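One letter stands for each residue in the lines below.
There are 2 protein chains.
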Amino acid sequence: MKYGVAAFPSKEMQDIANSYRKRYDPHYAKITPHMTLKDAFRADDAKIKEIAIEIEKVAKRHSPFMMHVTKVSSFAPVTNTLYLKVEQTPELMSLHEDLHSDFFGGPPQFQYVPHITIAQQLSDSEHADIYGQLKMAGMDHKETIDRFHLLYQLEDGSWQVYETFRLTGEKS
Amino acid sequence: MKYGVAAFPSKEMQDIANSYRKRYDPHYAKITPHMTLKDAFRADDAKIKEIAIEIEKVAKRHSPFMMHVTKVSSFAPVTNTLYLKVEQTPELMSLHEDLHSDFFGGPPQFQYVPHITIAQQLSDSEHADIYGQLKMAGMDHKETIDRFHLLYQLEDGSWQVYETFRLTGEKS
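One line per chain: the protein sequences are A and B, in this order. Quick note on numbering: UniProt numbering labels position 34 of the first sequence as 34, and the sequence is numbered without any gaps. Quick note on numbering: UniProt numbering labels position 38 of the second sequence as 38, and the sequence is numbered without any gaps.
Every clue listed holds true.
Identical chains blur together in the list; that is why a pair holds if it fits in one copy or across any two.
Listed below are the simulated DSS-like cross-link pairs for lysine-lysine, each with C-alpha atoms no more than 25 Å apart in a straight line: (1) Lys142 to Lys2; (2) Lys11 to Lys71; (3) Lys11 to Lys49; (4) Lys47 to Lys142; (5) Lys11 to Lys47; (6) Lys85 to Lys135; (7) Lys49 to Lys142; (8) Lys30 to Lys2; (9) Lys30 to Lys11; (10) Lys49 to Lys60; (11) Lys57 to Lys171; (12) Lys49 to Lys171.
In case anyone wonders, no lab produced these hints; they're calculated from the structure. These numbers were taken from a predicted model, which means no experiment stands behind them.
Chain A with its partners taken away, still in its complex shape (with noise of 0.2 Å):
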């Protein structure tokens, strides 16, 4: 089965960025507004349950901590993709390492932007357009992290959660 790690931000931003996504993203049936941790990875059902194990004891080690969102980004002209900008902290790339550690198959292959996708495949146009409005509105956010999630794909692409991890930072 699919598997990755994601963290959900609060209602209000998921709300925000899905006024963007219904029109402009087409997974926005499949998955609700995310930041993604681990990018999608195999495992079979044995193997997830070690995975899950070793997730837990990341999250431990952990402690909450606050997303910054900065501003409107697009990843052209790689691919016409619009996102949320989210700060770099030491408290997230260290958490983002500690998901990548060789348990887990170790670094992944590109630098690690932390982001909210709001808009992807995209016309040329549409994307210039959509951009241009999205840039003069602006984005300054901040709000607590406190949990994420491993989530599991089903066969029609849409993503479920199988687990929540709290950050409780007690092992730390």
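Mind docking chain B on chain A? Use the hints.
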């Protein structure tokens, strides 16, 4: 905010349910296939923390249980809703009861009929057609439920997991 409590069946079961839901359930994109344990209720941020603590206690009092889907059934003539009927085992009914103690506002108004909805808001003729087909196909499936979830609803009507609770039975 609006909250609810539900258990999600296995990926296999969810994929089967979704094969019907994507055609016959307008809520298909709002929530993945689920068995409701506690209907939607409203709570503010302070109250929901208390509620989550209380639900965690409930989860510790109950062990993983066998969910037995016995057949396809219908809520007609009340509503043209088709569902997978889940057997009313003592374990499941006791968990449901514990989620409706005085703390949680007491027993529900109607008798609990555990089920996984697969089609709703059907016209009378659609209902007759699909129910006829599905009754012939039959359904007999058992699986273990070892966790359930507290969910909240976003402005667009979609449901998101707030927290997972494992049925440990450690304090039963």
